Structures are given as C-alpha cells and as structure tokens.
Amino acid sequence: MNFASAFTPERLQEAWNCLLTEFPFAVWETVYSTVLATFFAIVIGLPLGIILVTGEQKGIRPLPRPLMSFLNVLINLLRSVPFIILMVMVIPLTRVIVGTSVGTVASIVPLTVAAFPFIARLVESSLREVNPNIIETAQAMGATPMQIIWRVMLPESVPSLITNFTLAITTIMGYTAMSGAVGGGGLGKLALAYGYQRYRYAVLYLAVIVLVIITQVIQSFGTWLARKCDKRLKNK
Amino acid sequence: MIELRNLSKHFTTLDGPVDALRHINLTVRDGDIYGIIGMSGAGKSTLVRCINMLEKPTEGSVLLDGQDLGALKEKELREMRRKVSMIFQSFNLLMQRTCLQNIMLPLKLTRTSDAEAKKKAKELLELVGLPDKANSYPAQLSGGQQQRIAIARALATEPSVLLCDEATSALDPKTTHAILELIRDINHKMGITVIVITHQMSVVQEICNRVAILENGEVVEEGEVSEVFSNPRAKATRNLIYPEMADNENLLSEGGQRIRIIFNGKQPSQEPLIAKMAVETGILPSIMGASTRTVGGNAYGYMLLEIPGSPENMARAVSYLSGIPDIVFQVEAEYSGEGVIA
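If you read the sequences in order, they're chains A and B. If you're matching positions, the first sequence starts at 1 in the working numbering and goes up one per residue. If you're matching positions, the second sequence starts at 1 in the working numbering and goes up one per residue.
Honestly, I wouldn't trust all of these hints.
Stated by the list, open to error - Below, computed lysine-lysine pairings styled on DSSO-like, alpha-carbon distance capped at 30 Å:
hint: 1; chain 1: B; residue 1: Lys174; chain 2: B; residue 2: Lys108
hint: 2; chain 1: A; residue 1: Lys228; chain 2: B; residue 2: Lys122
hint: 3; chain 1: B; residue 1: Lys73; chain 2: A; residue 2: Lys231
hint: 4; chain 1: A; residue 1: Lys228; chain 2: B; residue 2: Lys83
hint: 5; chain 1: B; residue 1: Lys122; chain 2: B; residue 2: Lys83
hint: 6; chain 1: B; residue 1: Lys266; chain 2: B; residue 2: Lys174
hint: 7; chain 1: B; residue 1: Lys56; chain 2: B; residue 2: Lys119
hint: 8; chain 1: A; residue 1: Lys231; chain 2: B; residue 2: Lys174
hint: 9; chain 1: B; residue 1: Lys83; chain 2: B; residue 2: Lys120
hint: 10; chain 1: B; residue 1: Lys120; chain 2: B; residue 2: Lys235
hint: 11; chain 1: B; residue 1: Lys276; chain 2: A; residue 2: Lys231
hint: 12; chain 1: B; residue 1: Lys189; chain 2: B; residue 2: Lys120
hint: 13; chain 1: B; residue 1: Lys174; chain 2: A; residue 2: Lys58
hint: 14; chain 1: A; residue 1: Lys231; chain 2: B; residue 2: Lys189
hint: 15; chain 1: B; residue 1: Lys122; chain 2: B; residue 2: Lys73
hint: 16; chain 1: B; residue 1: Lys118; chain 2: B; residue 2: Lys56
hint: 17; chain 1: A; residue 1: Lys58; chain 2: B; residue 2: Lys266
hint: 18; chain 1: B; residue 1: Lys108; chain 2: A; residue 2: Lys228
hint: 19; chain 1: B; residue 1: Lys83; chain 2: B; residue 2: Lys108
hint: 20; chain 1: B; residue 1: Lys235; chain 2: B; residue 2: Lys189
hint: 21; chain 1: B; residue 1: Lys108; chain 2: B; residue 2: Lys122
hint: 22; chain 1: B; residue 1: Lys276; chain 2: B; residue 2: Lys266
hint: 23; chain 1: B; residue 1: Lys189; chain 2: A; residue 2: Lys58
hint: 24; chain 1: B; residue 1: Lys75; chain 2: A; residue 2: Lys58
hint: 25; chain 1: A; residue 1: Lys231; chain 2: A; residue 2: Lys58
hint: 26; chain 1: B; residue 1: Lys73; chain 2: B; residue 2: Lys56
hint: 27; chain 1: A; residue 1: Lys58; chain 2: B; residue 2: Lys276
hint: 28; chain 1: B; residue 1: Lys174; chain 2: B; residue 2: Lys189
hint: 29; chain 1: B; residue 1: Lys118; chain 2: A; residue 2: Lys228
hint: 30; chain 1: A; residue 1: Lys231; chain 2: B; residue 2: Lys56
hint: 31; chain 1: B; residue 1: Lys83; chain 2: B; residue 2: Lys73
hint: 32; chain 1: B; residue 1: Lys119; chain 2: B; residue 2: Lys108
hint: 33; chain 1: B; residue 1: Lys122; chain 2: B; residue 2: Lys56
hint: 34; chain 1: B; residue 1: Lys75; chain 2: B; residue 2: Lys56
hint: 35; chain 1: B; residue 1: Lys118; chain 2: B; residue 2: Lys75
hint: 36; chain 1: B; residue 1: Lys266; chain 2: A; residue 2: Lys231
hint: 37; chain 1: B; residue 1: Lys118; chain 2: B; residue 2: Lys108
hint: 38; chain 1: B; residue 1: Lys56; chain 2: B; residue 2: Lys83
It is worth saying that the hints were derived from the structure and are not from the lab. Keep in mind it's a predicted model, so treat the numbers as computed, not measured.
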C-alpha cells in the first residue's frame, strides 16, 4: 500500500466518519488525562519548586544541605529519563496506585511522575524572578518565611507562573499522545493504533491537526491570561 | 533611643575578608532626624541593615531603648521589625498588588482584620497625599508617588523608628524635596525617630539635625548638622560638603599662596566680603574655586582665593580677614606664618 492511496476519496470519507465517531471521545481522553496529570504534577511540583528556592543556604528558610542536594539530584534524574522509557519503568507503581497499567487512567501516573520535576523547575525559575529587594522588604516588615511565600513570592510571580504552567500543560499533552504507544488512550492512541498501524494516514494527520489546534488554543489562552494578570504593564 | 555600641561587620567574599563596618559608636535620640552620609561603599547600607538586624553584626551591639537586638529570638526579632520600619531607594512595592493592598500588607502579617487594615490604609493614603490612588497599581505611579506609598506602608504598623535607605536617591530634586518634607512632617507630627542614609549632603542639610560621616566603615565625624557644616574637620566631610573643593586641591601655582574662606551661615549673603577686602587692602585675589549657597539669607559654602605677590600681602590679607567676625578661614600655602587660623 503506498502513501498516496491513503488519501483516496473513500479513505477521506472514512477519516471524516472517524472524526465524527471516534474523535470526540479521544479528545476527551486526551484533555482529561492532560488536565489531571497537570493537576497532580502541580500538587507535587509547586511545593517542591518553592522549597528549591526558599531552602537554599541563602534562601529565606534554609534547609539542610544534604536534603537540598537529594532533591536536586532526584529532579535531575527524573528529568533525564526519556518519557517513553519512564512510562515503562513506573508500571509497578502504576499497578499499585491504579490497579492496572493499561488505559487512560493508568497513564496519568507516569504522566505525573514525568511532569512534576519539570513543574518544580518551572516554579523554581518563576520564583527566582521575584525581585530580591521586595523579599528583603517583607523581612524588614517582620514577615515569617511562610508569609513571604504566600503573600509576596507567589502573588508577585503569578504572571510568570501562568506562562510556565501553560508551557507545562502543552508539554504534558505531548506526553499523553506518546502514552498511546503503551496503553494510554486519547488522540495519540487513535493516531498510532488506527492511523499508523492500519495505514489510515488520513486519520493520523487528522489526529495531529486536532492536537495542534488544542495546543494553540491552550497556548493562546495562557498567554492572554498571563498578560491580563500582569499589573506591571502600564497601559491596558 | 538607638545606640550602636562598638559595632563591626565583616564579610567573607571571594576576594577575601572585607571589614564593612569598624567599631561604630553612635547614639540616635528619640525624635532625631539622624543622617548617615558617605560615598558608595562606605558601609551605609550595611549599617542601616544592622539596625533592624537584616544583617547580623559580627561584633558589638545595637540597643533599641536599652534592649540588645542581637539577643532577640526570631519571633521577637519579627515583632521588633514592626517597630522599626524601612523605606528603600527602589521603593520595593509589590507590583502585582494595588496601592491599598501594599499598605495593608504589614497589617495582614499581624492578623489584623481586613476591615481594620483597609481603614488604616485609607487614612495613611490620605496622610501621604494620595487618597485617589487606592486602586492603582504601582506601575501606574511616578517614582515620587511610589515612595509615598512605600512611606504609608512603612507607617502602617505605627513604628517608633523609620529607616530610610537612600530613599530619595532615585528621585529628581523637586520630588526629593517633597518627599523629604513629608518625612519631616511625619517626624514632627508622630514623633517618629528617623535615620536617613544618603550620599547627598543636600538631603542631610535639608532635614537632619544630626549627622555622622562614614568612610571606609568608620565614623570619621559626628555632630549637629549646623556644627559639622560650618566647621568640617575630616577630609571626607569636606569632600562631601564641597565636592568641587577636592578638584581644586592641586590648582596652586608655583610659589602661590591660598586662603580658604568658609562661610558658616552667620554672614549675610549680601556682604561683599572679597570686594571690600580688595578695596581696603589693595590686594587683588583671584577666586580659584567657590561653592556657596544662600540659606535663609545667610551664606554657606567656601571660597578659595589665591593671593598674588609677596608674603606680606598674605599677612595683610590674613590680618584683614581676622578682623571679620563669623567666618572661618584656613591658609593653605607655602606661607610660613600660622598654619590654620580660625
């Protein structure tokens, strides 16, 4: 079967039918695994990112050096394992948490494991952008480390956090597509199992186009929201 | 009352140890507006940060109303910092919060209710003259307005001491003047002790009653502002008061003889002192450098005269000037008579 024959009128008709029948559920699976994985990754990654900044020796609440080294090494290790391999590596953990390692729900575990170190680094970089003079000012007011985190560092970095979380969510969506290769559901699975393995290239391209559109929408919304929230911009 | 007792601060940097402060002894009385002045790198910022323990002194102690701040525990330290507020050169407002929220911040740190904090913040906005900026964001304000908000925020906890770290250095002269006036007002009305860190002598001149001159981490001169201005003893002080004077140090021509006249504000500006001397003694001095200003009708500043001709001319000039009350002059020449006559 050659490539051009995948785009005959019958094949295109078939792809169109697929778009109406299979796609809505696949899109839903992609979206909810992305959203849930991002949520869990933020739940773990946000505090971790805060600790990376505040726990430094020159931070507002220094933590023991060995603990900080351990966290940094752990994050770097997880960040350096390619996602497709990480997914296979965490299968035992997935079985413990979800009971199975196959399916969309199960794919949320490896997605979270892959994403939280990434989120932690993004949070770290956002918090480092906060003007150190403002943190010193809060200390001069008698703020506790917790108050500095909640009332100064996080509010001041909201636009940057939104920008970085947008980056994270689009990246995690890319991962969900990859998880289609090892049992995850969604547009990735549709493109690979239906489009690629059964030579329905029209379906494969269609799945990619839909992914591109969703990514665009999320990115545009994130950029808009970050700008809207940033009070440093004078003329709005 | 704030007392600094034998205060020293050493840093260890990559280039080796640095003595930022060396054996500082100062007393700031309640109600003072106390200036601490020095060139960049003199240790001013380190000194002011030792007063609220943002920097821990290596040696010596800081006493606030007799209490040694170095002995305080973390929690007590935070309580103390509510009584010793600080404003900065770069204002340091939260950029993502409105002016009102910025002023409320120190109150929110102490579990004050929202309503109460808001009420207090609005009063303070009124006090600093920006009642209509409650819902504006700092980015929408000018530098002077931002500093006013920062002052309001510093006053929210009703402190007894206000530390100003180069608070007007980023502002233009007119705005500087307005902010200094506000600080003086606050000092008068609320009786808050103010410590002003600056590199600008004009700031000290405008609001301070006492001043300490800091050079290389040491206090080289300290006293009443009027006293220090009219009779600056340390070279660093003279350089700060009359920066132009330092440039004139090497102007003396071969065999020349100079007199430095210092106007200490007791001489009316209109008095044509030099012209009179020229007419009455027949000596025609050249003015090598001068910097004078009139404050309240009286002259402050200095004038550097080169006296031409023989040493007798110099002696006559000296004797003429000695007859005039209320000026200070120094002879700086290869003139072999008295060294310094005051």
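Going back to the hint list, which numbers does this structure go against?
Violated hints: 1, 3, 4, 7, 10, 11, 13, 14, 15, 16, 17, 20, 23, 27, 30, 33 and 36; rest satisfied.
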